[in-house]
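J.: Keeping the supplied structure of chain A fixed, place chain B upon it in accordance with the hints.
One letter stands for each residue in the lines below.
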Amino acid sequence: MIALLRHMRYVLSENPVTLLAFALFAVLVLAAVLGPSLTPHDPLATDSTRALQPPSATYWFGTDQIGRDVFSRVLVATRLDLAIAMAAVVIAFVFGALGGAAAGYFGGWTERVISRLVDTVMAFPLFVLAMGIVASMGNTVGNIVLATGIINFPIYARVARAEANIRRNAGFIEAARLSGNGEARILLMHIVPNILPIMAVQMSLTMGYAILNAAGLSFIGLGVRPPTPEWGIMVAEGAAFIVSGEWWVALFPGLALMLAVFCFNLLGDGFRDILDPRKRT
Amino acid sequence: MLRFILKRLAAALPTVFGVLVVTFVMARALPGDPAAYFAGPAATREAIEQIRAKLGLDKSVPEQFGIYLRDLAQGEFGKSLSTGQSVGRELVTRLPASLELVLGALLLSMAIAIPLGVLAATRPGSWIDHTARVVTTAGVSLPAFFTGLVLIYVFYYLLGWAPAPMGRLDAFASAPPGLTGFYVIDALIAGEGETFISAVSQLILPIVALAIFTLAPLARMTRAAMLEVLASDFIRTARASGLPPSMVTYRYAFRNALLPVITTLGMVFSFLLGGAVLVEKVFAWPGIGAFAIEALIASDYAPIQGFVLTMALLYVALNLVIDVLYGVIDPRVGLEA
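Chains A and B supply the protein sequences, listed in that same order. Position one of the first sequence corresponds to residue 642 (the numbering used here), numbered consecutively onward. Position one of the second sequence corresponds to residue 11 (the numbering used here), numbered consecutively onward.
If you are wondering where the hints come from, they were derived from the structure by calculation, not from laboratory data. There's no promise every hint is true.
Here chain A is said to cover these stretches of chain B; the calculated rule only asks that three of the stretch's residues, wherever they fall, bring their Cβ under 8 Å from a Cβ of chain A [to be verified]:
1) 157 to 168
2) 290 to 303
3) 314 to 323
For glycine and all other residues, C-beta sits at the position ideal for the given N, C-alpha and C.
Okay, chain A solo, but in the shape it has when bound:
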């Protein structure tokens, strides 16, 4: 543990960008937790007398077409956007890790069925599949989470399968088997914990993609409904005003989206350097 911490400190001092990512992450988490209580204005309050005002001391990010404060809306949206992505990643992680590990450990039919499932999902352009799933299962936030989880599932399942496959005949697994552990117990208590660190790297890398995907779906009008503040919807609403020069309505939610994704991508790279230095590119 101490060795890992020392190694972490070494990696962080070598790579200040990762430190920046951690700082950004802290800001995002704070915004998500405290956001609703920090807003200077009510994110839903409309006022036609102050519509489309450019950024000022009162309205830091300006106001939108019906006079809502863009800053408050961007801040409040953090929680929803991160929650959707997080829930989707957890779904993908749980099913991907268990399914993939079972496929790699048991082989045979289990492996064939799960590989076929993974191949079928991978046969679609992922965003298009997510659109199709939400369209056919119903246009709700829950289905956005589910669709984003499904398109991320193959990444986890593939990694878990490969890692479990390497370990299925390792010494410590043989030892566990000889001491009388059942197959399910070996899978859950010996294989899965061993592949968790590698999966954690994937989690951070896919989190960014999950945020983009969920925001993209709401950008085209799926899932979250207005007037709920959400970054994708806000960019979509602001898009109409770009050609007439009111840039702030779309720019700030877009920047928030970009920073969040950037943060998770950098974090993923940083985690990989800490946990698996060989894969560094």
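T.: Using the frame of chain A, we list chain B on its own:
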């Protein structure tokens, strides 16, 4: 070579079958009773039963799947509820517009990312290397729909260099005659210079927005693959034999490094096809993505199913081309197959 291609085609069949099953399930998973939905809110019970029989929903599921396959084989994708038009025909006329975006973005992305990756790999730790890393990480964090809007603001509203983001041609140009449906190519064949310029200038911003998003995976993979090849024994031998550095880099290392890059193209296509949907909305581009979004808003399901199926089949076909290309570049793959 022909045998290799046929083998790959055969290997793609289960994937295509999987895709068809998924789109079939999607069509049947519609919330509520599809027959009642298609009949409309004012329909009587008999009318609903009639529609159920007409849609084949009273038959068993395997039978329904068979009918679904038969219709698809005849190019029958169903009818759009809101426009009454045949979905298949609409998809065929709109597909070239989407492909123009996707292929254009792919070429642009490759033209930037691959040299960037090679430069970064031949000078590891240099400022080019660091810049490439930061730029590509930032690029992959930018949602294409947002980049598109920023580009419109800067190049249309502020600078006035780009035309209005309103489709494939400006208001005064008419579509060039031609068979391919790619305006850029059709205009060239017809020799219509002005139409060509109009089509290209409308294409630039959406293509750039899409390409920025796909730079990162390509550049990273090129860099990693080049670094690995440059460290291998045969490169050391080539250097020791006194071959000029440029020959070692480009003829010996680059050709070998291309293989993993080509594999990455599959993922890049997945990004591009998905991103194109969003970019089409931003630029009012009349492609199949915009068609699907209109249908989504109207809860019109046949176009969405057709769209998902078309995109998936296109993606399977592209992956097949990538596989074959892999075999062409690396003769060893062909021998093993």
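J.: Does each hint hold? Answer for all of them.
T.: Outcome of the hint check:
1. 157 to 168: Contact hint for the segment 157 to 168 of chain B vs chain A: holds, 6 residues under 8 Å.
2. 290 to 303: Coverage by chain A holds for the segment 290 to 303 of chain B (4 residues, Cβ < 8 Å).
3. 314 to 323: Check passed, 6 qualifying residues.
Checked against the numbered hints given earlier, this structure breaks none of them.
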